[in-house]
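Given next are the chains, with one letter for each unit.
2 protein chains.
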Amino acid sequence: MRLSTKGRYAVMALVDIAKHAQGTPITLAEIAERQLISLSYLEQLFAKLRSAGLVKSVRGPGGGYLLARGADGTRISDIILAVDEPIRTTRCTPGAPMGCSGNKSRCLTHDLWEELGNQIRLYLSSVTLADVVANRLLGRSGALHRERADQETSETAPTIAAQ
Amino acid sequence: MRLSTKGRYAVMALVDIAKHAQGTPITLAEIAERQLISLSYLEQLFAKLRSAGLVKSVRGPGGGYLLARGADGTRISDIILAVDEPIRTTRCTPGAPMGCSGNKSRCLTHDLWEELGNQIRLYLSSVTLADVVANRLLGRSGALHRERADQETSETAPTIAAQ
DNA sequence: ATCTATCCCGAGTAGAATGGTCAACTTTAT
DNA sequence: ATAAAGTTGACCATTCTACTCGGGATAGAT
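If you're matching them up, the sequences are chains Y and X in order. Residue 918 is where the first sequence starts when you use the working numbering, and the numbers rise one by one after that. Residue 918 is where the second sequence starts when you use the working numbering, and the numbers rise one by one after that.
In case anyone wonders, no lab produced these hints; they're calculated from the structure. Worth double-checking, as some hints may not be accurate.
What the hints assert, rightly or not - According to the in silico footprint, chain X covers these stretches of chain Y (three or more CB under 8 Å from chain X):
(1) 929-938
(2) 1032-1041
(3) 1046-1054
Stated by the list, open to error - In silico SDA-like links for lysine to any residue, alpha-carbon gap of 20 Å or less:
(4) X:LYS923 x X:TYR958
(5) Y:LYS923 x X:LYS936
(6) X:LYS936 x Y:TRP1030
(7) Y:LYS923 x X:PRO1003
(8) Y:LYS923 x X:ASP1028
(9) Y:LYS923 x X:TYR958
(10) X:LYS936 x Y:LEU956
(11) Y:LYS923 x X:LEU1025
(12) X:LYS923 x Y:PRO942
(13) Y:LYS923 x X:GLU1032
(14) Y:LYS923 x X:SER921
(15) Y:LYS923 x X:HIS1027
(16) Y:LYS923 x X:GLU1031
(17) X:LYS936 x Y:CYS1024
(18) Y:LYS923 x X:CYS1024
(19) X:LYS923 x Y:TRP1030
(20) X:LYS923 x Y:LYS973
(21) Y:LYS936 x X:HIS1027
(22) X:LYS923 x Y:GLY1034
(23) Y:LYS973 x Y:PRO942
(24) X:LYS936 x Y:LEU1025
(25) Y:LYS936 x X:LEU1025
(26) X:LYS923 x Y:ASP1028
(27) X:LYS923 x Y:LYS936
Computed from a predicted structure; not experimentally measured. Glycine residues also receive a C-beta, built at the ideal position from the N, C-alpha and C atoms.
Using the sequences and the hints, build the whole thing.
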């Protein structure tokens, strides 16, 4: 999972929609003004968000974008995955000649990055747009705690569990 | 905390030292060959690692680099912080005109990135070079457990405490 | 002394990624 | 019809990455 400004802009935009939505679509122009992101850049981002199924578009006057799954059903990890194509954190590409199975000492860090990626994914998939709007972020220390908690109870009422 | 290949190379290099160290210094040429990183690039990285106090250098023939704090005393987060200067994850720079205190809706995601950064830092500071070499990465669920444990006891006998 | 292995340092650089702009087009409410 | 909006594709300036290059400085071996 890549963490660039592109992904952050996309999250900002969708949080903006989640905060200001009232059933009617939100135009990119509004988002551009409120979040200080250029309109054309937002168009690029929303093209990806739409094909990932995170937003629905309404064309014509009075149109704009809606959250396809609602604020509770949209996880931050989904947004970032939609706009930031994943990065290869390790050199040992499975198909490449002389992968990491060939040279053990070269890939000592493989598992480290893998595990770090898990930690990040775990945290970001535990946070929804609704959480960000309501600022339910702190006290959420330790993604793994949270993961176990998700299986036991559903305190904060996450409507959609996992894919 | 930034997560680029530069930081990953630095970690690979130090893991290589941790694995192959036997009291005698390791040369950059050895590391370059084993990890397939260019020698000149390693020189750049080790300049930063040295000024951060993570490695000691020995000049002249028979010289090379040593881990300044030992494999148990070197945390992955230290390495990445040493070579990858930090990124600003939010637009609201505290000193800038019209910071995020001025426009609340613009900085709804502020706390999210802050908290994500904490999660990453927490995990990476819970892992030492010795852990990577020994592949003690999984089962390490929940960085918070580990961090608290570090302050209470010193189970794994860190031979070299500080610089 | 001088040779040579090694670290040390600053400048330069090709290519990729970022963060856009611009122009033209399609759809649809009024 | 007209205008408001999304849709698409091409293009571009700047910055960052991941290096290379060239020359030192230091210290062990001879």
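Hints, verified against the model:
1. 929-938: It holds, with 4 qualifying residues against the three required.
2. 1032-1041: Holds, because 6 residues of the region 1032-1041 of chain Y bring their Cβ atoms closer than 8 Å to Cβ atoms of chain X.
3. 1046-1054: Since three or more residues must qualify, the claim that chain X covers the region 1046-1054 of chain Y holds, with 4 doing so at under 8 Å.
4. X:LYS923 x X:TYR958: holds, 9 Å
5. Y:LYS923 x X:LYS936: Violated, at roughly 38 Å.
6. X:LYS936 x Y:TRP1030: With a Cα-Cα distance of about 18 Å, the restraint between LYS936 (chain X) and TRP1030 (chain Y) holds, given a limit of 20 Å.
7. Y:LYS923 x X:PRO1003: Between LYS923 (chain Y) and PRO1003 (chain X) the Cα gap is close to 17 Å, so the pair holds against 20 Å.
8. Y:LYS923 x X:ASP1028: This hinted pair holds, its Cα atoms lying about 18 Å apart.
9. Y:LYS923 x X:TYR958: violated, 28 Å
10. X:LYS936 x Y:LEU956: violated, 51 Å
11. Y:LYS923 x X:LEU1025: holds, 16 Å
12. X:LYS923 x Y:PRO942: violated, 42 Å
13. Y:LYS923 x X:GLU1032: holds, 18 Å
14. Y:LYS923 x X:SER921: Judged against 20 Å, a Cα distance of about 16 Å means the pair holds.
15. Y:LYS923 x X:HIS1027: Satisfied, since the Cα-Cα distance of roughly 15 Å is no more than 20 Å.
16. Y:LYS923 x X:GLU1031: It holds: about 17 Å lies between the C-alpha atoms, which stays within 20 Å.
17. X:LYS936 x Y:CYS1024: holds, 12 Å
18. Y:LYS923 x X:CYS1024: holds, 16 Å
19. X:LYS923 x Y:TRP1030: holds, 13 Å
20. X:LYS923 x Y:LYS973: violated, 39 Å
21. Y:LYS936 x X:HIS1027: holds, 15 Å
22. X:LYS923 x Y:GLY1034: holds, 17 Å
23. Y:LYS973 x Y:PRO942: holds, 9 Å
24. X:LYS936 x Y:LEU1025: With Cα atoms ~9 Å apart, LYS936 (chain X) and LEU1025 (chain Y) stay inside 20 Å; holds.
25. Y:LYS936 x X:LEU1025: Judged against 20 Å, a Cα distance of about 9 Å means the pair holds.
26. X:LYS923 x Y:ASP1028: holds, 18 Å
27. X:LYS923 x Y:LYS936: Cα-Cα ~37 Å, so violated.
Checked against the numbered hints given earlier, this structure breaks hints 5, 9, 10, 12, 20, 27; the rest are met.
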